[in-house]
Amino acid sequence: MKQSLQMFVIAMAIILNLASCSNKKEKIAANKEITAPERFLPFQSLDLASLSAFKETTKNWVIAGNAYADRSQEANLIPNAGKGVLLNLPKEGMNQNLFTTFEHGDIELELEVMMPLHSNSGIYFQGRYEVQLFDSWGIEPATFSDMGGIYERWDSSQEKGMEGSEGRAPIVNAAKAPGLWQHFKIIFHAPKFDTSGTKIKNAWFESIGLNGILIQENVELTGPTRAAAFNDETLKGPLMIQGDHGSVAFKNIKYKLYDNNTIKFEDLKLQEFENTDKKVPSLDSLVPIMESLTDSISPIGIAYDNSQRILKYSGKLNLPKSGDYLFEMKVNGGAFLLIREDTLINLNGEYNFDSLGLAKISLEKGSVPFTLIYNKHTPWMRGFELYAEGPAMQRFSLQKPVSLPEKNENPDDFTIKVVDGPVAQRSFWMHKGAKRTHCISVGMPQGIHYTYDLEAGSLLQLWQGEFMDARQMWESRGEKQLGAPKGFIVSLHGDPEFAVLENDQSHWPNNVAPNPDFKPLGYAYDAAGIPSFLNQLGSTKITSRFVPMDTERTMNRTIELKGDTEIWHKIADGASIELLPDGSHIINDE
Numbered sequence: 292m293k294q295s296l297q298m299f300v301i302a303m304a305i306i307l308n309l310a311s312c313s314n315k316k317e318k319i320a321a322n323k324e325i326t327a328p329e330r331f332l333p334f335q336s337l338d339l340a341s342l343s344a345f346k347e348t349t350k351n352w353v354i355a356g357n358a359y360a361d362r363s364q365e366a367n368l369i370p371n372a373g374k375g376v377l378l379n380l381p382k383e384g385m386n387q388n389l390f391t392t393f394e395h396g397d398i399e400l401e402l403e404v405m406m407p408l409h410s411n412s413g414i415y416f417q418g419r420y421e422v423q424l425f426d427s428w429g430i431e432p433a434t435f436s437d438m439g440g441i442y443e444r445w446d447s448s449q450e451k452g453m454e455g456s457e458g459r460a461p462i463v464n465a466a467k468a469p470g471l472w473q474h475f476k477i478i479f480h481a482p483k484f485d486t487s488g489t490k491i492k493n494a495w496f497e498s499i500g501l502n503g504i505l506i507q508e509n510v511e512l513t514g515p516t517r518a519a520a521f522n523d524e525t526l527k528g529p530l531m532i533q534g535d536h537g538s539v540a541f542k543n544i545k546y547k548l549y550d551n552n553t554i555k556f557e558d559l560k561l562q563e564f565e566n567t568d569k570k571v572p573s574l575d576s577l578v579p580i581m582e583s584l585t586d587s588i589s590p591i592g593i594a595y596d597n598s599q600r601i602l603k604y605s606g607k608l609n610l611p612k613s614g615d616y617l618f619e620m621k622v623n624g625g626a627f628l629l630i631r632e633d634t635l636i637n638l639n640g641e642y643n644f645d646s647l648g649l650a651k652i653s654l655e656k657g658s659v660p661f662t663l664i665y666n667k668h669t670p671w672m673r674g675f676e677l678y679a680e681g682p683a684m685q686r687f688s689l690q691k692p693v694s695l696p697e698k699n700e701n702p703d704d705f706t707i708k709v710v711d712g713p714v715a716q717r718s719f720w721m722h723k724g725a726k727r728t729h730c731i732s733v734g735m736p737q738g739i740h741y742t743y744d745l746e747a748g749s750l751l752q753l754w755q756g757e758f759m760d761a762r763q764m765w766e767s768r769g770e771k772q773l774g775a776p777k778g779f780i781v782s783l784h785g786d787p788e789f790a791v792l793e794n795d796q797s798h799w800p801n802n803v804a805p806n807p808d809f810k811p812l813g814y815a816y817d818a819a820g821i822p823s824f825l826n827q828l829g830s831t832k833i834t835s836r837f838v839p840m841d842t843e844r845t846m847n848r849t850i851e852l853k854g855d856t857e858i859w860h861k862i863a864d865g866a867s868i869e870l871l872p873d874g875s876h877i878i879n880d881e
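292 is the number of the first residue of the sequence shown in our numbering; add one for each residue after it.
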């Protein structure tokens, strides 16, 4: 645009980023290969090519290739031809619930769900305990009947108005707008019974995550919730999806079934060695300063004093089942994990908790020798974390928590709050796994906040909820200098937002190799304390200002150009860009 103007959108250049991956393998000492794995063992996927994964039901349940929610009509969901998406389209006489053919006890469930405007449904674990599905976009405060709420129990014998109890609202309303795919991650534990059939432990939801935000944690259920398919409690039962309320769509349903299994230690011995080197020397050349038998990995003394030591744990791991096992280790210092003669994890050197050691190995049921070596080569280093996951075994810590750093557990101690007017805070910031070092976060009284990268000239994230967690900036030495959002996050592309291009096919500059003609000029506040961000590209000066609307869950952006350089503005990019019938776009499910 070769003129000065004030506008919300200048031009749009959408760049598709296509990522490739490879299956990496690491050669180990015993001439075997251990695959460098994903961070978690794979889930079992529910087949949505047909309804074969479910018990017979009425014709309100259909398989489609996708779904579109007309946001001008309540509970309106339109299927597209194909497979991979499960839809409920209830009508009179066709509105039965849907049950899986498999039954579960303890389960970890992930899925994506689409809620049309003002629609209502629910997922019942074991057919008994409901997690609510509802179009709750923008509702404040959320209740147990909103998206991700745990529905109330019901006792009709109680006096009117007192029949409901134990419903639990989500900690934060993380629901997206109607018509968008939303991601759930839920860990549920079934009730436990003794040999006589007497219940000795209630069912409970360990955690419920919605769109990457923890919304429920450690919620106990004394019995089935309202409208459950069964009124009793049992070790196992099917998943049930409500069919007699509103339209709803699901895709990418996957799960893990867990037994109450863990790995146990046998013949565990601890040795300590003096050492100040950053790498572990041959322990055969060192004389241990202490040796003892132990029943756990819990280096109580060394984790909290200023000594420099090597700890060597050796013994056997007792494995309850044969199959693939995944081990994960984070360390402040250096470490090795060996099983038999195989080096699974090699973190020999100088590492911090940002580093991650992962290894997947196939093991047989029974006892297997192992060795764990931890090198605390600097006085102020504080321990390590070691986790395992296995067949029908939930990921758990192999150590006692005393070997981890102490933390202040009050989450409000490091929360920056917004009271009367805008609040701005400089910090480092994580965006798509990379640390940005020139960021400013702005908290607004309307409850919608954002982070801006001053170096790249780019809006990184927006979120709704509380403003900012400054724990990693202010706790202890504050080495990481990281701020973190406290709320439901929408991340943007993070590349430089403005560029001079020859045409719409030109390569867009990224944050790694920014345009040398781009100059950040800082920011300035108006009388209300709202910042404007100032940049220059060529001969054109660019001013950006962000203000939330008072009545909608929306951020307005004003862009002003002064100069005669032709400027392109990158609004968004994505691996998936879909034009909807109403003229809007869905980009990466946003």
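Each hint should be verified, as a subset may be incorrect.
[Said to hold, decoys possible] Result set (PhoX-like, lysine-lysine): computed pairs, CA atoms no more than 25 Å apart in a straight line:
no. : residue 1 : residue 2
1   : K570      : K832
2   : K545      : K476
3   : K545      : K708
4   : K570      : K476
5   : K651      : K555
6   : K771      : K708
7   : K545      : K612
8   : K612      : K542
9   : K570      : K612
Hints are computed from structural coordinates only; laboratory data are not their basis. Predicted, not measured: the structure shown is a model, and the values here were computed from it.
We went through each hint and held it up to the structure:
Proposed proximity of K570 and K832 is contradicted: the alpha carbons are some 52 Å apart, above 25 Å. Of the pairs offered as hints, the one joining K545 and K476 holds, with about 10 Å between alpha carbons and a cut-off of 25 Å not exceeded. Of the supplied pair hints, the one linking K545 and K708 is violated, its CA atoms being roughly 38 Å apart against a limit of 25 Å. With a CA separation close to 39 Å, the supplied pair K570 and K476 exceeds the 25 Å bound.
Distance hint between K651 and K555 is fulfilled; the C-alpha atoms sit about 18 Å from each other, no more than 25 Å. Straight-line distance between C-alpha atoms of K771 and K708 comes to about 21 Å, which keeps the hinted pair within the 25 Å bound. Restraint check for K545 and K612: the C-alpha separation of about 22 Å stays at or below 25 Å, so the hint holds. A hinted pair counts as satisfied when its Cα atoms are at most 25 Å apart, and K612 with K542 does not qualify at roughly 31 Å.
Of the supplied pair hints, the one linking K570 and K612 is violated, its CA atoms being roughly 35 Å apart against a limit of 25 Å.
In terms of the numbered hints stated before, the structure departs from hints 1, 3, 4, 8 and 9, listed from lowest to highest.
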